[in-house]
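S.K.: Letter by letter, the chains look like this.
2 protein chains.
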Amino acid sequence: MKKYYIGLILLFTLLDSYAQEIQDNELDKLSLRYAKSSFDEFINLLSLPNDAHFPNDIKKNIQWCESAFANRGFITKKLTTGGIPLILANKNYKNAKKTVLVYLQVDGQPVDTTKWFQENPYKATLKELDAAKKWNTIPITKLEGDINPDWRIFARSASDAKGPVMMFLKAMDIINDFKQEPNYNIKVILDFEEEISSPRLPKAVIDYKEELASDMLVIFDGPRHISNQPTLTYGARGITRLSLEVFGPRAPQHSGHYGNYVPNPALKLSQLLASMMQDDGRVAIPGWYDGIEISPEIKKILREVPDDEKTIRNKLGIASIDNIAETYQESIQYPSLGILGLRSGWTGNETRTIIPSSAIAEMNIRLVKETSAQRMVDLVKQHIIKEGYHIVDSLPTEKERMEYPKIVRFNYNIAYDAFRTDFDTEIGRWLRKAMNRAFGSAPVQIRTGGGSIPISPFVNTLNIPAVIVPTVNKDNNQHSPNENIRLGNYIDGIKTVTAILTQEL
Amino acid sequence: MKKYYIGLILLFTLLDSYAQEIQDNELDKLSLRYAKSSFDEFINLLSLPNDAHFPNDIKKNIQWCESAFANRGFITKKLTTGGIPLILANKNYKNAKKTVLVYLQVDGQPVDTTKWFQENPYKATLKELDAAKKWNTIPITKLEGDINPDWRIFARSASDAKGPVMMFLKAMDIINDFKQEPNYNIKVILDFEEEISSPRLPKAVIDYKEELASDMLVIFDGPRHISNQPTLTYGARGITRLSLEVFGPRAPQHSGHYGNYVPNPALKLSQLLASMMQDDGRVAIPGWYDGIEISPEIKKILREVPDDEKTIRNKLGIASIDNIAETYQESIQYPSLGILGLRSGWTGNETRTIIPSSAIAEMNIRLVKETSAQRMVDLVKQHIIKEGYHIVDSLPTEKERMEYPKIVRFNYNIAYDAFRTDFDTEIGRWLRKAMNRAFGSAPVQIRTGGGSIPISPFVNTLNIPAVIVPTVNKDNNQHSPNENIRLGNYIDGIKTVTAILTQEL
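Taken in order, these protein sequences are the chains called A and B. Final position of the first sequence in full-length UniProt numbering is 505; the numbers increase by one with none missing. Final position of the second sequence in full-length UniProt numbering is 505; the numbers increase by one with none missing.
If you are wondering where the hints come from, they were derived from the structure by calculation, not from laboratory data. Just so you know, not all the hints are guaranteed correct.
Which copy is meant is left open, because identical chains are indistinguishable; a pair holds if it fits in one copy or across any two.
[Stated by the list, open to error] List time: in silico SDA-like cross-link candidates among lysine to any residue, alpha-carbon distance up to 25 Å:
id, residue 1, residue 2
1, 127, 398
2, 203, 349
3, 386, 291
4, 115, 347
5, 60, 350
6, 98, 202
7, 97, 76
8, 60, 112
9, 97, 437
10, 381, 347
11, 381, 319
12, 133, 402
13, 381, 278
This structure is a prediction, so every number in the text was calculated from the model and none was measured.
Work out the full structure: start from the sequences and follow the hints.
M.R.: Given below as structure tokens:
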């Protein structure tokens with residue numbers, strides 16, 4: 001340890017005078033050191049509620065980011081959108097020949113505080129796993145001492161995606177402190193509405209096409225491959241939200257007086273959902289899988305991903321999988337139709353003996369490059385009509401109630417399409433080189449990630465290739481209560497971004 | 001009006017000295033007068049929260065009833081049950097040859113205050129319907145003046161069943177004030193757990209068989225026929241509650257990362273529910289309708305009920321009905337299987353893009369005399385097993401999760417069986433006579449009411465016939481938000497009970 005500190009002192013002395021090449025074998029120590037110096041700032045960032053349903057909360061996140069990026073020498077600009085703005089942070093370098101656009105997401109999923117095992121999902125809580133596989137809180141001050149990489153910080157957005165935001169900022173601190181100058185300019189686009197599907201992003205990319213112009217896009221978001229090996233992801237599924245509500249009697253009715261007489265909307269909804277899918281999980285709607293062909297060559301690349309599917313199933317606690325494809329990676333190459341939530345009447349202690357007045361299903365379609373959002377929505381809609389439903393977009397009128405035996409509210413929101421970049425392009429080669437430098441081996445390469453990120457507007461409007469650099473642990477509970485980030489991944493993330501920022505393009 | 005008051009003064013003068021025969025043509029005026037004098041006491045009763053999930057609230061209802069019945073000359077006794085007690089109130093008469101047991105229910109359904117159009121469901125609110133068919137609050141003090149029978153008092157249990165409790169108490173006031181003595185003793189059994197399916201009642205009836213011994217049972221509960229004509233009901237369906245929970249991954253999973261791979265429990269539940277029933281609402285489980293034969297003679301009696309099914313459907317806002325039988329009355333002669341509530345993941349603004357970890361369906365079976373509860377539960381259970389499910393009664397173990405692709409929690413609670421009393425028996429003849437006196441015509445006769453009341457334990461254990469005397473308006477929103485009682489029905493209810501109490505047996 002003493003040697004290390006002497007080294008550091010020497011280093012600091014040198015820093016002020018001239019740029020100091022960062023050796024590959026120093027990346028580990030540097031990322032640990034800068035991680036440790038980041039925790040106060042990270043905890044402060046996590047403390048800001050960031051559910052984009054509450055724009056006043058988002059404002060504070062925006063101010064925080066403007067300040068944090070300005071502190072790193074970026075010039076920030078609000079891209080107004082009519083709602084929550086985007087932030088564009090620019091930093092130019094004198095030897096730059098190209099421009100790299102970096103996408104970061106700042107907002108988070110809503111929180112259901114009753115389901116978190118800590119008082120406040122926005123108060124970062126340090127936990128370690130005990131022998132009984134239970135996460136126990138340990139003092140946050142332990143972050144000041146030696147760090148166990150398996151400890152985790154629990155907080156909303158710890159992984160998705162304030163963790164990556166902080167990793168990027170700390171990597172910038174490293175190259176700034178060491179006076180490293182990339183041979184490309186950096187544009188960072190900060191999205192504060194990702195978890196509500198970035199409704200204003202597609203138009204904003206068109207409106208600010210010139211400001212965003214660049215040669216390639218790097219996205220720091222999402223979890224690494226489940227093996228937790230360094231990963232590059234060349235595409236992501238798109239997403240479209242659907243909301244269905246089947247209507248029953250105008251008001252809930254006594255299940256005794258009317259059971260056997262008044263059609264039950266919860267049953268009708270169940271039947272409608274069941275009609276959309278087979279027992280084995282395959283979508284039963286005709287045309288759903290049209291246009292997707294996975295060649296033997298691609299299957300080979302997909303099989304190279306070191307998935308231990310038995311371990312995946314054990315982690316998830318499931319005995320079987322949907323019958324979509326031979327491997328997990330292949331299953332993600334197809335569009336999925338999923339039920340996110342069901343609600344009708346009351347349940348548990350609140351149960352009432354009634355026939356509900358309506359039954360709601362929230363759904364999503366995860367799109368792939370071959371399946372455009374509108375076509376898939378139309379397929380679902382046609383199926384619902386074929387099942388005998390009259391479709392409305394809000395409440396049915398009294399006339400409609402008396403005319404149609406089957407009425408469903410059908411709303412949809414096309415968030416964004418999928419994107420996919422070929423493996424063998426400039427951006428892929430560049431990132432693979434950086435990852436090789438940082439970790440001494442090739443990263444796991446994912447053809448299409450299952451999760452959706454609002455990248456297709458950039459890819460399509462700016463006509464640039466995009467690759468995702470995921471860093472966080474797969475089991476981070478993102479989108480669920482008790483989201484967390486593993487400290488080892490946080491430190492590795494800083495290393496990853498530093499390697500990329502110091503990689504010649 | 002002057003004449004009327006002079007008459008009243010004369011009446012009161014006479015009352016103290018000797019019993020005064022109540023003429024049939026005075027019943028209307030008396031019931032109106034006693035209704036008006038009852039409102040303070042009724043509003044006070046309604047102000048007591050009475051959800052039996054909260055025993056401390058129920059205590060206040062018990063105290064209120066003990067006091068109210070003691071004030072009417074009853075001797076009350078707590079029948080301890082190990083939980084919330086029953087109250088038995090006895091009043092004997094010197095010329096009594098028989099004993100009539102009266103069943104009254106005091107507890108109410110839970111309240112979801114967010115769905116009530118008044119601040120507090122326990123604060124009685126007087127409303128009148130405007131031309132736009134909207135219920136507008138009017139000052140409660142209007143009850144002191146002329147009463148419009150179409151006004152309604154909105155409060156939890158206004159109809160189900162504190163209204164009938166108050167009707168009975170006021171009818172007792174009338175016969176007490178007029179020194180009328182029935183030729184039968186009265187035993188009143190007060191149930192404070194009806195809406196949670198009277199879990200302790202069947203055993204209590206056995207334990208207190210001698211205390212409860214009587215010749216017949218009259219139940220003041222439930223709504224009149226939808227035509228709002230005076231009604232007698234000779235039976236009621238029984239009820240059994242089912243709770244199903246289909247399990248998915250151990251924790252909710254990101255719908256992008258795992259959609260197409262992790263089986264969705266909301267889909268599985270939908271498929272399971274859909275498998276139980278046909279598209280036309282008929283139960284698809286083999287054996288469900290076995291043993292029920294509706295003869296042409298019975299069909300004729302059922303058709304005599306003046307149901308205007310077009311009006312029923314209009315009131316409920318439904319374009320079609322389940323395909324169980326030719327008429328509403330006939331549909332109730334069969335057991336029903338109904339979904340009361342569904343819940344999985346999150347919905348509406350809280351929606352998260354996840355694969356839920358489980359999906360819950362709350363259900364009930366409404367039983368008829370021919371279908372015992374246990375047999376019907378077993379039919380459902382066998383069906384679920386046939387659908388490939390492993391059944392658990394609480395959470396699955398880790399081993400079960402990894403072994404069985406389909407796991408469902410299946411719990412059931414047999415509340416009580418159905419009962420049905422033949423039309424042509426002593427109790428039926430006696431009640432029909434009283435109704436004829438009160439209303440000048442024969443009541444509508446219902447073979448089996450759709451709703452369930454915990455009467456089968458009395459019928460089976462005490463071996464006595466039972467008939468229900470419903471009084472409240474059908475459209476009272478019982479079991480739902482905005483429960484109410486129509487004042488015309490409240491006044492008629494006092495008249496009905498008074499006619500019965502003054503009818504020789």
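S.K.: For each hint, tell me whether it holds in the structure or not.
M.R.: Hints, verified against the model:
1. 127 <-> 398: between (55 Å within a copy, 23 Å between copies)
2. 203 <-> 349: between (46 Å within a copy, 23 Å between copies)
3. 386 <-> 291: Close inside one copy (23 Å), not across copies (37 Å); limit 25 Å.
4. 115 <-> 347: Both, since 17 Å and 16 Å are each at most 25 Å.
5. 60 <-> 350: Only across copies: residue 60 and residue 350 sit 22 Å apart there, 38 Å inside one copy, limit 25 Å.
6. 98 <-> 202: Within. Shortest intra-copy distance 24 Å satisfies the 25 Å Cα cut-off; inter-copy 82 Å does not.
7. 97 <-> 76: within (21 Å within a copy, 95 Å between copies)
8. 60 <-> 112: within (21 Å within a copy, 35 Å between copies)
9. 97 <-> 437: within (22 Å within a copy, 102 Å between copies)
10. 381 <-> 347: between (29 Å within a copy, 20 Å between copies)
11. 381 <-> 319: between (32 Å within a copy, 22 Å between copies)
12. 133 <-> 402: The answer is between: 18 Å across copies meets 25 Å, while 56 Å in one copy does not.
13. 381 <-> 278: both (18 Å within a copy, 22 Å between copies)
Every hint, counting from the list given before, is met by this structure.
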